[in-house]
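> Listed below are the residues making up each chain.
Protein chains: 2
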Amino acid sequence: VIIVVCLNPALDVTHHVPVVHLGEVHRPTGVYSRPGGKGLNVARVLHSLGADVLLMGLVGGTTGVAVATAIAQLGLPAACTPIDGETRRTFTVVDGAGEATLFNEAGPEVSQPEFAAFRGQYVNALAGAAAVVLSGSLPPGLAAGAYAGLIEAAAVAGVPAVLDTHGDALLLGAAAGPAIVKPNLAELEHLSGRRLSAPDGQRPDRTAVTAATARLRDIGAQAVVASLGADGLLAATGDGHWHARPQSAVSGNATGAGDAVAAALAHGLVLGRPWDERLRHAAALGAASVAAPVAGEFSHADYVSALSGVAVHQEEAR
Amino acid sequence: VIIVVCLNPALDVTHHVPVVHLGEVHRPTGVYSRPGGKGLNVARVLHSLGADVLLMGLVGGTTGVAVATAIAQLGLPAACTPIDGETRRTFTVVDGAGEATLFNEAGPEVSQPEFAAFRGQYVNALAGAAAVVLSGSLPPGLAAGAYAGLIEAAAVAGVPAVLDTHGDALLLGAAAGPAIVKPNLAELEHLSGRRLSAPDGQRPDRTAVTAATARLRDIGAQAVVASLGADGLLAATGDGHWHARPQSAVSGNATGAGDAVAAALAHGLVLGRPWDERLRHAAALGAASVAAPVAGEFSHADYVSALSGVAVHQEEAR
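Residue numbers (my numbering), protein chains in the order written: chain U, 17 to 334; chain P, 17 to 334.
To be clear, the hints were calculated from the coordinates, so they are not data collected in a lab. Since we're looking at a predicted model, the values are computed, not measured. Here a beta-carbon is modelled for each residue, glycine too, at the ideal position from N, C-alpha and C. A few of these clues could be false.
Distance windows between CB atoms, simulated [as the list claims (entries may be wrong)]:
(1) 95/U <-> 287/P: 52 to 58 Å
(2) 329/P <-> 33/U: 40 to 46 Å
(3) 68/P <-> 47/U: 35 to 41 Å
(4) 184/P <-> 316/U: 46 to 52 Å
(5) 184/P <-> 324/U: 56 to 62 Å
(6) 113/P <-> 140/U: 49 to 55 Å
(7) 321/U <-> 114/P: 48 to 54 Å
(8) 223/P <-> 35/U: 34 to 40 Å
(9) 324/U <-> 157/P: 47 to 53 Å
(10) 39/P <-> 47/U: 19 to 25 Å
(11) 37/U <-> 327/P: 34 to 40 Å
(12) 33/U <-> 98/P: 28 to 34 Å
(13) 287/P <-> 160/U: 33 to 39 Å
(14) 316/U <-> 157/P: 34 to 40 Å
Stretch by stretch, here's where chain P covers chain U in the computed footprint (C-beta under 8 Å, at least three residues) [what the hints assert, rightly or not]:
(15) 25-34
(16) 37-47
(17) 79-87
(18) 100-114
(19) 118-132
Kindly generate the complete structure, drawing on both the sequences and the hints.
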């Protein structure tokens with residue numbers, strides 16, 4: 017089983033309105049509500065791929081009940097630890113032109129006894145797990161080293177970890193030696209403290225990105241896969257460096273594409289795919305996810321058709 | 017007991033953000049969640065006034081659980097009928113300048129058997145009730161005559177009704193002969209099919225407003241109390257016409273002021289206050305409600321201090 021840790025799940029509410037007029041009253045023409053959070057998207061993608069998955073998270077309050085109910089309706093195996101705080105909501109308003117405005121609540125304050133209860137369940141589940149994915153932001157109340165501790169517990173049990181988070185949680189988590197960390201360009205920029213996009217265009221500065229991924233490996237990550245949007249994936253591993261690029265830029269919903277990549281990397285890890293194949297599948301699944309309207313979903317036809325178009329090149333180590 | 021009917025309650029979620037940038041991601045600095053809907057506000061105000069109140073409504077889904085839980089936490093006596101649909105949310109974004117942008121979901125589809133179950137509970141509760149207040153919009157699935165039927169059932173039980181709604185539900189409800197209907201200027205404009213504000217300024221055209229209230233009485237309402245915002249209340253009753261005006265315009269949160277007025281009118285009706293006193297209390301409570309930050313709440317000190325400032329004039333019948 018692949019354990020997916022989602023410590024800060026959300027109820028994602030989306031309203032469709034023709035036009036947003038600030039200061040006025042709107043009557044949405046469409047209302048959608050679904051369980052969200054990066055870990056939840058990862059778990060949904062793995063479940064769709066046919067992987068044996070177990071979602072482990074913290075849920076609380078009536079919003080937590082809504083999230084747990086929706087997870088059960090999706091048929092997603094889950095073991096959620098109850099907390100006193102109220103699970104967060106995200107609220108997205110999409111106008112007729114497709115422009116999305118987001119309002120993301122921070123999440124509930126999690127107490128130390130609550131996290132200890134979660135950790136106990138998690139350690140029990142590690143026995144027999146093939147991999148663990150730790151994904152998304154930490155809720156308030158948890159130390160920045162929370163993921164690092166979970167990665168260390170996985171290492172003790174011999175279970176490789178894939179980490180997708182940002183800021184100090186990413187730095188401390190990388191130091192715990194996960195098998196793969198998957199930062200995106202914004203996360204690498206935050207770590208580097210400088211802009212990594214080339215000043216004259218859209219393409220990221222490859223040399224600077226490579227330096228940032230090398231830094232994460234120096235800190236302790238066994239491999240780093242940077243997701244660069246339309247420019248694909250750049251992998252720095254103990255076996256070499258690769259660049260995987262989908263055939264053509266896909267327009268659509270980029271939310272959740274990174275989660276699809278993280279899911280594919282964990283799946284490839286568990287299946288023992290070599291790095292070039294692992295990256296081909298991850299880039300294809302990311303592209304298929306962009307084409308799907310909802311984060312955490314993708315069409316298998318899009319996935320299969322994207323697979324053959326991904327170009328994977330091994331690069332010189334730097 | 018005063019029965020307050022709230023067929024379309026809501027979970028009101030408010031996010032405070034410094035500035036709204038359309039197309040971007042916001043992290044709210046404040047998140048508030050409370051049970052809402054006009055009937056709920058009326059019930060809260062009556063409960064604060066010390067009146068014996070029973071909230072009767074329809075709740076469904078996990079949002080319905082959230083609303084019912086919050087009602088219980090407020091200590092508000094309630095008898096809610098469960099429905100299959102999901103209780104609606106309203107979502108308000110307030111920026112640093114206090115500008116509010118609202119996104120109001122329509123509410124769940126209510127089936128005929130569900131409404132029949134509600135109606136059965138309601139008819140049972142009418143035995144011994146002193147008054148009934150019917151407030152707010154009807155959820156999808158209910159006929160525009162739903163309030164009219166509930167008013168007729170109250171009349172059969174000898175219970176006077178106060179109606180605060182809009183459109184066809186107001187017209188058909190007025191025809192059922194309620195003791196009081198309480199339209200605001202927008203509702204009277206909708207009924208008249210024309211603008212009632214005077215073209216040269218803020219003050220509503222009193223003659224046109226009086227004609228619109230007369231029309232509601234002709235249709236069947238025993239009394240009409242029009243709430244005109246800062247211009248106070250205009251009452252057309254079988255005992256005469258009155259105008260009640262608070263001493264000074266209060267700036268603040270107008271949402272819920274009409275609900276405070278409806279609550280005060282029902283309270284005055286049950287206490288047997290003469291019309292001038294009933295209107296004095298209603299205007300004062302409306303002003304106190306505007307001064308409070310949250311609909312359904314008010315400070316008793318504001319209410320008492322507003323009372324002495326309300327000017328009530330009896331007017332010539334027209």
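> Is 33 to 39 Å respected by the C-beta to C-beta distance linking residue 287/P and residue 160/U?
60 Å, violated
> Closer than 8 Å, Cβ to Cβ, for at least three residues: run that test on the segment 79-87 of chain U against chain P and report holds or violated.
With 4 residues close enough to chain P, the hint holds.
> Could you see if the CB distance from residue 37/U to residue 327/P stays within 34 to 40 Å?
37 Å, holds
> A range of 47 to 53 Å was offered for this pair. Does it hold for the Cβ distance of residue 324/U and residue 157/P?
Distance hint for residue 324/U, residue 157/P holds at roughly 50 Å.
> Take the C-beta atom of residue 184/P and the C-beta atom of residue 316/U, compute their distance, and say whether it sits inside 46 to 52 Å.
49 Å, holds
> Is 49 to 55 Å right for how far apart the beta carbons of residue 113/P and residue 140/U are?
Because 51 Å falls inside the window, the suggested range holds.
> Has the segment 118-132 of chain U got at least three residues whose CB is nearer than 8 Å to a CB belonging to chain P?
holds (count 5)
> Verify this for me: three or more residues of the segment 25-34 of chain U with a beta carbon less than 8 Å from a beta carbon of chain P.
Answer holds; 3 residues pass the 8 Å Cβ test.
> Tell me whether the statement that chain P covers the segment 37-47 of chain U is true, taking a Cβ distance below 8 Å and needing three residues at minimum.
holds (count 9)
> That 52 to 58 Å hint for residue 95/U and residue 287/P (C-beta), does it hold up?
Check passed, 56 Å falls within 52 to 58 Å.
> Could one say that the CB atoms of residue 223/P and residue 35/U fall in the range 34 to 40 Å?
36 Å, holds
> Is 19 to 25 Å respected by the C-beta to C-beta distance linking residue 39/P and residue 47/U?
20 Å, holds
The structure fails to meet hint 13 from the earlier list, while all remaining hints are met.
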